[in-house]
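Add chains B, C and D to chain A, keeping to what the hints say.
Protein chains: 4
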Amino acid sequence: MGIEVCRAVDAAEDLELVAMVDQGDWLFNVSDVGAEVVVDFTTPDAVMDNLHWCIEQGINVVVGTSGFTEQRLDRVRGWLSHKPGVGVVIAPNFGIGAVLMMQFAAKAARYFESVEIVEQHHPKKVDAPSGTAAHTARLIAQARAEAGRGAVPDATTDEVPGARGADIDGVRVHAVRATGLVAHQEVLFGTTGETLTIRHDSYDRASFMPGVLLAVRSVPQRPGLTVGIDSLLG
Amino acid sequence: MGIEVCRAVDAAEDLELVAMVDQGDWLFNVSDVGAEVVVDFTTPDAVMDNLHWCIEQGINVVVGTSGFTEQRLDRVRGWLSHKPGVGVVIAPNFGIGAVLMMQFAAKAARYFESVEIVEQHHPKKVDAPSGTAAHTARLIAQARAEAGRGAVPDATTDEVPGARGADIDGVRVHAVRATGLVAHQEVLFGTTGETLTIRHDSYDRASFMPGVLLAVRSVPQRPGLTVGIDSLLG
Amino acid sequence: MGIEVCRAVDAAEDLELVAMVDQGDWLFNVSDVGAEVVVDFTTPDAVMDNLHWCIEQGINVVVGTSGFTEQRLDRVRGWLSHKPGVGVVIAPNFGIGAVLMMQFAAKAARYFESVEIVEQHHPKKVDAPSGTAAHTARLIAQARAEAGRGAVPDATTDEVPGARGADIDGVRVHAVRATGLVAHQEVLFGTTGETLTIRHDSYDRASFMPGVLLAVRSVPQRPGLTVGIDSLLG
Amino acid sequence: MGIEVCRAVDAAEDLELVAMVDQGDWLFNVSDVGAEVVVDFTTPDAVMDNLHWCIEQGINVVVGTSGFTEQRLDRVRGWLSHKPGVGVVIAPNFGIGAVLMMQFAAKAARYFESVEIVEQHHPKKVDAPSGTAAHTARLIAQARAEAGRGAVPDATTDEVPGARGADIDGVRVHAVRATGLVAHQEVLFGTTGETLTIRHDSYDRASFMPGVLLAVRSVPQRPGLTVGIDSLLG
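Protein sequence lines correspond, in order, to chains A, B, C and D. The UniProt record's numbering numbers the first residue of the first sequence as 1 and each following residue consecutively. The UniProt record's numbering numbers the first residue of the second sequence as 1 and each following residue consecutively. The UniProt record's numbering numbers the first residue of the third sequence as 1 and each following residue consecutively. The UniProt record's numbering numbers the first residue of the fourth sequence as 1 and each following residue consecutively.
Only chain A is shown next, with the shape it has when bound in the complex (with noise of 0.2 Å):
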């Protein structure tokens, strides 16, 4: 991830790669070389030494690396605390089709009196349904809670076991697996007469590029922590 991201900087005519620091390496190059902001994608064990230190050094931070418990992010929040000019992203993921699927699903979840997910994902996966599935089905179904919308329509008296799918907190979620499929996911809105239907394909890890430079062209403007790049999206 961490060359894809630095050609994908590289490529971006309103940004400049300024350093490339791999592990062993030190950081100081960083800020020797005036880095606004620095990418990290590197590992649970090495990103809080990387983000407290660019934190000290005034120098804003987009962060992919994974392992982001709650107590951790404390943390970060205390360090930036006395920075109150720094910035600092930190996203388990950054594909901006996810998150908008994510978002629209929320809003439309109002508004329709039934709604189910199906995804589909490649056959080596061993969790079914996937964690952006589930997410997906938890938002959903707050969504409805708010908007005072009980149980979604459903009269099925005789059924093969399995086939009505998983319940997610009272939204349907159904895993497809197949060979030559990536992953996929599908939420179907329906209301009296009409549906309305987000689809999500992702072929490619590049597909987390588009939110990598979203983050990195926002955070100078973000001072403190945000988590996720939901609140980037307008």
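If you are wondering where the hints come from, they were derived from the structure by calculation, not from laboratory data. Note that the structure is predicted; figures quoted are calculated from it, not measured. All residues carry an ideal CB built from backbone N, CA and C; glycine is no exception. One thing to keep in mind: the hints can contain errors.
In silico negatives: residues of chain A with every beta carbon more than 12 Å from chain C [claimed, not checked]: (1) G34; (2) D40; (3) P44; (4) M48; (5) E56; (6) Q57; (7) G58; (8) T65; (9) E70; (10) Q71; (11) V160; (12) P220.
Listed next, the stretches of chain A that the computed footprint assigns to chain C, with coverage defined by at least 3 CB atoms under 8 Å from CB atoms of chain C [unchecked claim]: (13) 86 to 97; (14) 105 to 112; (15) 183 to 196; (16) 201 to 213.
A short, non-exhaustive set of chain D residues, derived as facing chain A with CB atoms under 8 Å [stated by the list, open to error]: (17) F68; (18) G180; (19) V182.
This is chains B, C and D only, laid out in the frame that chain A set:
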């Protein structure tokens, strides 16, 4: 359905509507006006007498009435054995789209490593999956077995119950229910680097008409009993 | 439409149908029975008198009648300026799905490099593309311009005329026509490694009812004139 | 492609990889190790000599090299006439999904009133529509003509130029271009009240491998020249 069939025959340039017979009417006028084909959408109680009478009169019949057991089909075969020139087509489903979907699915099944079915219906449906989806799954399972294909690949070890759908003869089938939907089915085939999807959308009972007209046009050239419109399609 | 609205209001648990007024009936009984909201699906000839009378009586109005020019809207605003507590919602389209599709499309337009629209309708439609598709394209073009996005990438040099669709403000729009279709639209967004698709399927005029009910529930809290149901959707 | 083919053959349980021949290597070792089938993904310059030598040695050949004119095919037929037991399969496209899509489309074309094609590719593609889409359209037009079908219904009188797509032998073809897409095609058939859609998604060049293996397994039982993998598919 009877009235819709009359309208469809009347609207077809190459067919002529010579009589409409409702409950309580005599069938005599059908033969008086020289009908070559009778279309029967009546009830399980009435259909056998109608069939017997038509076959005796040497009139071909297209039957959309339900309730044909193997026993009933044998009785029809018996009557036809005495009238070698007469043709009878009895079909549980006249939807050309659904029948082609099943034919294509059975053929593709031999060449793809993975296959799953997603059917989508209105939420008043009581059975899940639909009869058509279960039937398609069985056709696919049979075609895979004949082609020597083993189980579809699936690494799932961590499943929320139901996420992976119903198992029909080794084929996973997912049933979506939502207000606004009518009757839809998607069969997804996957192999290395590609997928092939066959989708059928039925919006209206009128979708049966092209299949009824196909049967009406075909039955004079098909003496004996034909079950299903499958063999009429190429 | 009038009858369908009456049915939908009658079926809603939180609403009460207090009067049905047909052509030639007096509106007096509407105020006699204490109506809080009047729904007007009449004709361009009748609607202005109805509106004037209702506003004078202090009754809120939801209008689905067509033919509202900017001039007519100004007259309604004038009447409302004397009755600050009264709300009027006038909408050319009460389909929640279509309106959300356009809102989501306008938002996603800022974040994706590519976008195209494919609309699908029955073959009796005389205009191509549909008004909704052209309107969506314009909203997308405006959002792209505001986000500083240039032209979509397109290396086509060898085109069979028409293959790349109609150009509406720089957005390519494709119109599919086929028997069996009703009214469908798909907006496809693409960026590196991923696509996001928003699809709306309308099967039935009944699809307007949830939007009408939303307007009926919202209008008492929205004094003044509201054009379109867009702003009622969150 | 050569290396990918070697990997695929090596991974297949019922096949054995006995030799890999690169540019500049002699073909002798191929016959020394008793190869039953040679797979040729070379260049138009090299392929004819390879073919001639293999046929002379009595070795079956599967060819994915491009540039086969009718003249070249005739020369291959001439060589094979002296070696009646040898089989050669030459295919411009080994994608099973694409070939089945075309077969199914040609069959369905006879039974549906309407048909249109929407193909979707990455924006670096220079031709629109794709060769596969144009070929599919021609197959459909031919099947409709054979079935006595006239023009598809289309009431369009008010068209923004290009909205209705390219006209290929009377079949409308729409070409969508967007970043993130790879190679996709949808054929939509419609008749009263229903539609049937056949969709092919190709994500990767690896999608050719199942077709190459099918040809390798089939060619020993198919003496003479086979052009395309169409006839290998049932």
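- Task: Give me the numbers of the hints this structure contradicts, sorted from smallest to largest.
- Result: 17
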